[in-house]
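Enquirer: Listed below are the residues making up each chain.
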Amino acid sequence: MNTRPAEGAIGLDLASRAVEAAVAVGAGAAEAYAGEATTREARVYGGAVESLTAASQRGVGVRAWIGTRVGYGFGTDLSPDGIGEIAARAVGAARVADEDEFAGPPESAGKMPELAGLSDPSVGEWPTARIVELALAVESSALKADPRVVAVSQAVYFDSSDRVAIASSTGMAGEFEASSCYAYLQALAEGEGSRETGLGFGLARGPAGLDPAAIGREGAGRATEMIGASKPDSRSCPVVFDPTVAASFVGVIGGAVGADAVQRGRSPLAGRLGEEVASEAFVLHDDGLVPEGIASSPLDGEGVARRRTALIETGRLKTYLHDTYTARREGASSTGNADRRGYRTQPSVSASNLVVAPGSAGFEELLRDARDGVYITDVTGLHSGVNPVSGVFSVGASGRLIRDGELAEPVREFTIASDLVSMLRAVQAAGAASRWVPFGGSVSTPCLLIAEMAVSGS
Amino acid sequence: MSTELIDAGLAARVVARALSAGGEFAEVFAERRSGLTMTIDESRVESVQSGAEEGAGVRVIGDGTTYFAHVDGLDPDDLERAASEVAGALRGAHTEPRALQAAAVSPQPIEQRPEDVPAERKAALLRELDERGRGEGGEVAQLRASYGEARREVTVANSDGLLTGDDRTRVRIGAHAVARRGERAETGSETLGGHRGFELFDDDPGAIAAGAARTALTLLDAGAAPTGSMPVVVGGGFGGVLFHEMTGHGLEADHVQKGASVYAGRLGETVAQPLLSAYDDGRLPGEWGSDAIDDEGTATQKTLLIEDGRLSSYLYDRLRAERDGVPSTGNGRRESFRHLPIPRMTNTYIAPGEDTPQAMIGEVKRGFYAVSFGGGQVDPATGDFVFGVSEGYLIEGGKVTRPCRGATLVGNCRDALAAIDAVGDDFWMKTGICGKGGQHVPVGTGQGHVRIGSMTVGGTEL
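The listed protein sequences derive, respectively, from chains V and L.
So for the first sequence, the working numbering puts the first residue at 1; every next one is plus one.
So for the second sequence, the working numbering puts the first residue at 1001; every next one is plus one.
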């Protein structure tokens, strides 16, 4: 199935017309973002197709400035009248906003970088039947992996082809295309009177880049290894984060380095530029250009060139992430981190791809160094459990005990607690093998060994 | 219905085309969404955003598989193309739909349409929230408040001959305060919303900002949270999110039918003590989670979920109801025309009991009082859950003694539900946004104070 609309609807021409429409109804400056996405999804259950979805979305969002007031309007009606109404909404919104001396469109984009590999032809080439086969293979691989896997509550494949055009009255103009896909499943395992779930996932630019057997095996492995889990004793001990857990925390750190949160006093890293906030083992970059990163693009959400930015190096906080507005507030330059999730949202500061530098330690070596502690394979409640202002957190966790440097019995229903900066300073080592994880944004990270953390069980 | 987004002729053509290659059921869901949101932060009104979207989703169900296509815009050609797409995935002979019959619906009444209120008044409302919050004390370092209004006009037509629609208007304000003392920073949040018009804000809307600020200020004095198993008294209103997460999701029939719920196969069994009864009610007038019909056109209803401790019903959409041979409970909801309907809660609550909050706290020697949660997560298949407590206190000798920070409630829902040994006679509802399968819908949660006899508190104290 495919609901791709007629070619040529979304592009620079449309964006430019929206900019002109906003200027015509009173905007001093304007910017338009035109976006289009064609998506497919297959959900399978019990060896049969549960649902198949084909969809197309397209729309325009306009930012309008009147002096130092800014407003946003968006819509799906792309007729000349519809564009006029979207422009009028943006201008009307700007009239309600208070003045803000730093508001204004980007003045220069920088050179648009060449970025190959954002689109994978297999997204367009694989027919529906083949993506269904892929989803079924994910499910069956989990069921075959271990007899204790009793069911797969859901196996899903999704892909998207996107096209974006951005234009402004200050002369910005750029467009690009990208594709992405993912597959995941939730496996159910039973044994020893307990029931456990396990998530397996993979992501790529196109279906040819996914390994369905590996995704299924991961879900099966995560579910079965938790069978028989009990509550650990409360104590303070070393913990090792697997890459999914590390990524979730890195995502929180990515939010804390956003200049918007910093300037508004809502970040535990506010006022700490240049300070030691981590151990030297923890090195973090924002990289909007790495082709494997799903968040990569030549331009950010307001048309500024993406780039690679060192955030934490040699233990020190090097910079915050900026868009045009936050950069003006402190006389800095945009780092190309204006993010937007399509035409319905206005740009705001956000990390692109967060990349934690791998270290040299193999997994066994990390466990040996931890000696006695907990290997954490899942955390829950991160959104509610982290105080975004102070960085203090207490989150639910599950995983395996580490005893004498080796993985031992599974544990669950406990919490781990610390604060973000204490945790970063306690990073003792990073593993050698990194993985891309879609939690906490788009994150590439290895396992992390944290020297000490409070574990609350029984 | 005063507004039909697509006329009956087009709806009939789309449904017929969707069934042109077979299938047992076809439906078109058309929607117009419009809204306005704005924020005040650093005492400045900003992020003013206004949008309007139209689109439709077409689905066909055949041999247990759902085929779904959605398009932006309501151009008849696009709708028919979407219908052809779903039909193209089937290989059978044409199925004849029933002739459409318009069904009358009475949308929830709206006194003062928000779009008729000048935007400047909404900005003034935010300034009032800002002043009220900051007025609570000099340690209130930041106050951010938001205003949102949204209208969803929907038309549903299906091959059973149903043609119906709804016109839904919701408004909501929220306040988020940060209080600082030296290196310490604490936060507090409050919301007020409903399936209502601007009249919702007639009665002291600034109180929510003051409340958020007071919570943040109180927590400045908070010490470490206790750790271990102990009695937990849960606050009313948003405290109901605990029941929503730990039990409500497990009653949604999609989880149940896949065996991915700890409540599967347990209808009629005792799951709680006799003092506990609970409902899902999509008809509560003006409540945040209410609608006249669900997103499949089924009238919403009041469903008894737990009657005196016994499990009495699951929550159904059309597809899952048919599988179980029961009528839909009107819980087939979708975030928008871009999503498939799935069983979702509307307004879910524990019915008022007979205990007073004072008495249930007075009986606790040492325990924890969880007034409000930052959110939570549950795995419906295992029943394991975790909740972050945003406002909590220690109970010692039957009295609430001091605020605690950083507490988390961890447990398994079967044990926790069975351990509820007191239900309060004080009752109120709060608004929430519930996420499931990537879809976010407005839900109401409610209860009076509730006491859980024993539960694990994951604190910051070792």
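Since the hints were derived computationally from the structure, they do not count as laboratory data.
Honestly, I wouldn't trust all of these hints.
Think about it this way: if two alpha-carbon atoms lie no more than 27 Å apart in a straight line, the pair counts; the simulated BS3-like pairs of lysine-lysine are [claimed, not checked]:
(1) V:K231 with L:K1365
(2) V:K144 with L:K1258
(3) L:K1258 with L:K1399
Just some of the chain L residues that point at chain V, by a computed CB distance under 10 Å [said to hold, decoys possible]:
(4) I1040
(5) T1065
(6) A1292
(7) G1375
(8) P1403
Some but not every residue of chain V turned toward chain L, in silico, with C-beta under 7 Å [what the hints assert, rightly or not]:
(9) R89
(10) D369
(11) R371
As the structure is a computational prediction, the values presented were derived from the model and not from experiment.
Where a beta carbon is used, it is the ideal one built from N, C-alpha and C, also for glycine.
Enquirer: Hint by hint, say whether it matches the structure.
Expert: Going through the hints against the structure:
1. The hinted pair formed by K231 of chain V and K1365 of chain L meets the criterion: a straight-line CA distance of about 25 Å does not exceed 27 Å.
2. For the given pair, K144 of chain V sits about 19 Å from K1258 of chain L by alpha-carbon distance, which is consistent with the 27 Å threshold.
3. In summary, the hint linking K1258 of chain L to K1399 of chain L is not supported, as the alpha carbons are separated by about 45 Å, beyond the 27 Å threshold.
4. At its closest, the beta carbon of I1040 of chain L sits 8 Å from a beta carbon of chain V; the interface hint therefore holds under the 10 Å criterion.
5. The beta carbon of T1065 of chain L comes within 5 Å of a beta carbon in chain V, closer than 10 Å, and the hint placing it at the interface holds.
6. About 25 Å separates the beta-carbon of A1292 of chain L from the nearest beta-carbon of chain V, more than 10 Å, and the hint is not met.
7. Annotation: interface hint on G1375 of chain L holds; nearest CB of chain V at approximately 3 Å, less than 10 Å.
8. Contact between P1403 of chain L and chain V, as hinted, is not supported at the beta carbon level, the nearest pair being about 14 Å apart and thus beyond 10 Å.
9. For R89 of chain V, the interface hint holds, the least distance from its beta-carbon to any beta-carbon of chain L being 4 Å, beneath 7 Å.
10. Restraint check, D369 of chain V versus chain L: the minimum CB separation of about 23 Å is more than 7 Å; hint violated.
11. Taken as an interface hint, R371 of chain V does not check out: its beta carbon lies about 20 Å from the nearest beta carbon of chain L, beyond 7 Å.
In this structure, the hints that do not hold are numbers 3, 6, 8, 10, 11, in rising order.
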